[in-house]
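Chemist: Each chain, written out:
Protein chains: 2
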Amino acid sequence: MFAVLIEMAVNPQNFQPQDVQQTVSEIGEQELLRRVQQFCPAAVVGDDAAVLTVTPGRSLVVTEDVLVDGVHFSSGFAQPVVTTSAADVGWRAAAANLSDLAAMGAFPLGITVGLGLPGAVPVAWVEALYTGMSACLNTFNTPIVGGDICRSPILTVAIAAFGEVLPNQAIRRSTAQVGDAILVTGLHGASRAGLELLLHPERGEGLQERDRLFFIRAHQRPNPRLDVVPILQKVVAASRYNASQERYPIAGMDSSDGLADAVLQICRASGVGARLERHQLPIPPAFATWLSPQQSVDWVLYGGEDFELVLCLPLELANQLAASVPGAAIVGTITADLAVILGDRTGTVPDQVLTLEKGFQHF
Amino acid sequence: MFAVLIEMAVNPQNFQPQDVQQTVSEIGEQELLRRVQQFCPAAVVGDDAAVLTVTPGRSLVVTEDVLVDGVHFSSGFAQPVVTTSAADVGWRAAAANLSDLAAMGAFPLGITVGLGLPGAVPVAWVEALYTGMSACLNTFNTPIVGGDICRSPILTVAIAAFGEVLPNQAIRRSTAQVGDAILVTGLHGASRAGLELLLHPERGEGLQERDRLFFIRAHQRPNPRLDVVPILQKVVAASRYNASQERYPIAGMDSSDGLADAVLQICRASGVGARLERHQLPIPPAFATWLSPQQSVDWVLYGGEDFELVLCLPLELANQLAASVPGAAIVGTITADLAVILGDRTGTVPDQVLTLEKGFQHF
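For the protein sequence lines, the chains are A and B, in the order given. Start counting the first sequence at 1; every next residue gets the next number (our numbering). Start counting the second sequence at 1001; every next residue gets the next number (our numbering).
Worth flagging that the hints you see were computed from the coordinates, not collected in a lab. No experiment lies behind these values; they were computed from the predicted model shown. A hint or two may mislead.
Rough simulated footprint, nothing fancy, chain B against chain A, three-plus residues with beta-carbon under 8 Å [said to hold, decoys possible]:
1. 58-65
2. 111-125
3. 159-170
4. 208-219
Each residue gets a CB set at the ideal place from its N, CA and C atoms; glycine is no exception.
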């Protein structure tokens, strides 16, 4: 029944009720493994672990994320409101991990998927999850190389992602320098807006349909910015910073927990502060017809799940990057005092000190 | 001081309310991260992902396991019966993943830990979990290089482990050859016996205290057989099989889901069968004073969680390995017919066909 919702989210024409009612406990572990292994390259299936090749001279980059039903998504098993179809859960889980690799300046090698499943989960839900993950991963030629499936009272998706990076090109949070420009690779607040529209379809009534779909898509199908990584490397390679091997000139992280969180984390790790300029914030233009200025700024800074990169780098590199990456914008500067300030050079709004208080706290 | 607190989870007499009552939601995510990061090398803390070095020329080996409260362990939050302290949960989770690496013939590089935590979990429980993981990992110089902590209605531990192996020395399930000897690296059934004694302390009354403790320890603190990997490689390097680079002469996997399961999985992957000899089964000697012969055989074959290696290799190599690894034993032979048979050369018990039916099924 609930799986109807999933299938419809993916493609209503393909709905096949006889398949959809079958549950995980009905087909059993071996058959379930066989089904999900169809999403993995044949060469990696069937051993205790997967074997991958890291390009000689590159370092391995690893990251892990855990997503829990009712916390990070709602499957409809635990909650009456379904904001995320199984395919979207899969896409987002893969995207979040690929985004962590992009945030390190790394190229992906593969992911493993650990699933905790209640026995009553429809097999179609699991297959749709893998379909969504694969759709995202295929964009970046990244295979699912293994994983684990076990019983759990709550649907849980644990993904580990592996990538590689030249040791001297890893992007750290801790190397931002006073005077660096702060650049974001795209708009913020769009995912938060999409969630609002999914939860309350009656809101945003002034929005054009195109904008509404844009926000919903930003929430359901975020794009990890792996496309930015080679551009970054090219910009650095062509610059005078290429010569200095002692320090990669770019610090940063992704904005999965919000733009303000990213800037605060970078500043804390680097022992610096920042000044963001209110009029340079990457606010989606359609917010103007829907939200108050303060609400817009709140969603941009604290909405979260935009999966853009927040980078600190010398202004000349930032300008080149902004010219090469559509939607990228310089939003502020790294400063010597330890606070993160949202300023307004027009003097209309008083300076504001940003804190993690409004950000997403997991407990 | 801290280890005392761990014990408290097992022993209510040691209860110290002031420290122990502090919960995960009381200290919040940032402080919790700070606490668990103390178990990680300083160099890897604080970025979106960890950066590791893979030895040039080696392949990366990755594996993931998910453990769920009430399914793989019982924390005492969800169940009245505590068979596994937090430190033991941590040890076992780390051991299971290191065992997967050993089963691939790989050496460990690091693990990441994804935790899903109810807000009411005591911080001391989480710290004890990390203490147990670290205790196991430190034995093998393996760092915790990162992870993720999130809220979840059910305590969940997802571990990804990374190792490295020379590409031509990876141990696969699919390369067992007819005529290979089947060797196990140690006793089986001990973990199952330990679980029985924890759940029903009144049982096993004929057992000596030493044996009782041995079984309980086998359940709570299993040893991944990474120690066997260099011995294997040495035995192969000194043999005539060294010359043949087209095929590594050893197939295998670990026995985490039981000895019978391991043999059946290898046979299925390799397209072969096996004959195990009842009198060569690695039965703990103390079973004789406690269990019926049939019960002993059942626990040895289907008990699970022994985390030994089950290897298929030419008899001459198996003999050398058996001579080099205390407790290792040859238990049977790979055959051309597709069944896995438990035989009895004395003719006392009729031949028996083994199936996965009795093994651990996750759904």
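Chemist: Confirm or reject each hint.
Modeler: Structure-based check of all given hints:
1. Beta-carbon proximity to chain B at under 8 Å applies to 7 residues in the stretch 58-65 of chain A; the threshold of 3 is reached and the given coverage holds.
2. Residues of the stretch 111-125 of chain A with a Cβ under 8 Å from some Cβ of chain B number 7, which satisfies the need for three, so the listed coverage holds.
3. Counting residues of the stretch 159-170 of chain A whose C-beta lies closer than 8 Å to any C-beta of chain B gives 7; at least three are required, and the coverage claim holds.
4. For the stretch 208-219 of chain A, the proposed coverage by chain B is not satisfied: 0 residues have a C-beta within less than 8 Å of a C-beta in that chain, short of the threshold of three.
Hint check: a violation occurs at hint 4 only; the rest are consistent with the structure.
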